[in-house]
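*Asks:* This is what each chain is made of:
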Amino acid sequence: GAGVSQTPSNKVTEKGKYVELRCDPISGHTALYWYRQSLGQGPEFLIYFQGTGAADDSGLPNDRFFAVRPEGSVSTLKIQRTERGDSAVYLCASSPSGSGYEQYFGPGTRLTVT
Amino acid sequence: SQQGEEDPQALSIQEGENATMNCSYKTSINNLQWYRQNSGRGLVHLILIRSNEREKHSGRLRVTLDTSKKSSSLLITASRAADTASYFCATDAGSSYKLIFGSGTRLLVRP
Numbered sequence: 001g002a003g004v005s006q007t008p009s010n011k012v013t014e015k016g017k018y019v020e021l022r023c024d025p026i027s028g029h030t031a032l033y034w035y036r037q038s039l040g041q042g043p044e045f046l047i048y049f050q051g052t053g054a055a056d057d058s059g060l061p062n063d064r065f066f067a068v069r070p071e072g073s074v075s076t077l078k079i080q081r082t083e084r085g086d087s088a089v090y091l092c093a094s095s096p097s098g099s100g101y102e103q104y105f106g107p108g109t110r111l112t113v114t
Numbered sequence: 001s002q003q004g005e006e007d008p009q010a011l012s013i014q015e016g017e018n019a020t021m022n023c024s025y026k027t028s029i030n031n032l033q034w035y036r037q038n039s040g041r042g043l044v045h046l047i048l049i050r051s052n053e054r055e056k057h058s059g060r061l062r063v064t065l066d067t068s069k070k071s072s073s074l075l076i077t078a079s080r081a082a083d084t085a086s087y088f089c090a091t092d093a094g095s096s097y098k099l100i101f102g103s104g105t106r107l108l109v110r111p
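Taken in order, these protein sequences are the chains called U and D.
Numbering-wise, the first sequence is residues 1 to 114 according to my numbering.
Numbering-wise, the second sequence is residues 1 to 111 according to my numbering.
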């Protein structure tokens, strides 16, 4: 079956602009996660959805970052007033539920803020 | 913040040799997972070991877990050039859903 997909694969934007990154999880997976990975580092947790609600958004770095999952499937990560420090690969993952399962990762969106 | 630390940071071996990577973590866990990442993009799940397990095998992979030392190791036997990748351990830090990754081991398998 289809895996987790993310669009776009690459996004270049100017400092101060708004961006949206999209994630399509595996069908039927109730849990969805966003991570951010900087060069040479492991992924860092941003937010976790169980169904439509954000069960844990403790990893969002500040209020410029926001994510939604209105129908419990597709999720959008939104970044306002982008800064050069936001440049990273944004990874989305899903799992059958939030507890004790492996997470299936998408290919990521490489965001570059110039 | 990173929970785990992998050791070594980089490893270069000849095809056919075994590769061992270690991971240490800080807090209690429900499970620990190992992932592989090629070319800095999507991660592929390799193996999950639960806190009440000490060893697990999957094909050429062998994972051990020592909760008293808060450490795990990943052994890849009879390595192949295609095993060249970055390998990350990830723990749930007791949350059962949020993964906390180490900084990874970059493995190069020379043909």
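Hints were generated in silico from the structure; no laboratory data involved.
The reader is advised that the hints may include incorrect statements.
A partial selection of chain D residues facing chain U, derived with a Cβ cut-off under 10 Å [as the list claims (entries may be wrong)]:
| no. | residue |
| --- | --- |
| 1 | Glu-6 |
| 2 | Pro-8 |
| 3 | Ser-12 |
| 4 | Gln-33 |
| 5 | Tyr-35 |
| 6 | Cys-89 |
| 7 | Lys-98 |
| 8 | Gly-104 |
Calculated pairs, SDA-like style, for lysine to any residue (alpha carbon to alpha carbon, straight line, at most 25 Å) [unchecked claim]:
| no. | chain 1 | residue 1 | chain 2 | residue 2 |
| --- | --- | --- | --- | --- |
| 9 | U | Lys-11 | D | Ser-39 |
| 10 | D | Lys-69 | U | Ser-38 |
| 11 | U | Lys-15 | U | Glu-44 |
| 12 | D | Lys-70 | U | Lys-15 |
Simulated restraints, written as ranges between beta carbons of each label pair [as the list claims (entries may be wrong)]:
| no. | chain 1 | residue 1 | chain 2 | residue 2 | range |
| --- | --- | --- | --- | --- | --- |
| 13 | D | Glu-53 | U | Ser-9 | 32 to 38 Å |
| 14 | U | Gly-3 | D | Gln-9 | 43 to 49 Å |
| 15 | U | Thr-112 | D | Gln-9 | 21 to 27 Å |
| 16 | U | Ser-9 | D | Thr-27 | 32 to 38 Å |
| 17 | U | Leu-39 | D | Arg-54 | 32 to 38 Å |
| 18 | D | Gly-16 | U | Lys-15 | 31 to 37 Å |
| 19 | U | Thr-7 | D | His-57 | 22 to 28 Å |
| 20 | D | Lys-56 | U | Gly-3 | 40 to 46 Å |
| 21 | D | Arg-110 | U | Gly-53 | 46 to 52 Å |
| 22 | U | Lys-15 | D | Ser-58 | 28 to 34 Å |
| 23 | U | Pro-61 | D | Asn-18 | 35 to 41 Å |
| 24 | U | Pro-61 | D | Thr-27 | 19 to 25 Å |
Yeah, the Cβ is synthetic: ideal placement off N, Cα and C, and Gly gets one too.
*Asks:* So, for every hint listed, does it hold in this structure?
*Replies:* Each hint, compared with the structure:
| no. | hint | result |
| --- | --- | --- |
| 1 | Glu-6 | holds, 8 Å |
| 2 | Pro-8 | violated, 14 Å |
| 3 | Ser-12 | violated, 17 Å |
| 4 | Gln-33 | holds, 6 Å |
| 5 | Tyr-35 | holds, 8 Å |
| 6 | Cys-89 | holds, 9 Å |
| 7 | Lys-98 | holds, 5 Å |
| 8 | Gly-104 | holds, 5 Å |
| 9 | U/Lys-11 / D/Ser-39 | holds, 17 Å |
| 10 | D/Lys-69 / U/Ser-38 | violated, 29 Å |
| 11 | U/Lys-15 / U/Glu-44 | holds, 22 Å |
| 12 | D/Lys-70 / U/Lys-15 | violated, 42 Å |
| 13 | D/Glu-53 / U/Ser-9: 32 to 38 Å | holds, 37 Å |
| 14 | U/Gly-3 / D/Gln-9: 43 to 49 Å | violated, 29 Å |
| 15 | U/Thr-112 / D/Gln-9: 21 to 27 Å | holds, 25 Å |
| 16 | U/Ser-9 / D/Thr-27: 32 to 38 Å | holds, 34 Å |
| 17 | U/Leu-39 / D/Arg-54: 32 to 38 Å | holds, 35 Å |
| 18 | D/Gly-16 / U/Lys-15: 31 to 37 Å | violated, 49 Å |
| 19 | U/Thr-7 / D/His-57: 22 to 28 Å | violated, 37 Å |
| 20 | D/Lys-56 / U/Gly-3: 40 to 46 Å | violated, 24 Å |
| 21 | D/Arg-110 / U/Gly-53: 46 to 52 Å | holds, 48 Å |
| 22 | U/Lys-15 / D/Ser-58: 28 to 34 Å | violated, 45 Å |
| 23 | U/Pro-61 / D/Asn-18: 35 to 41 Å | holds, 39 Å |
| 24 | U/Pro-61 / D/Thr-27: 19 to 25 Å | holds, 22 Å |
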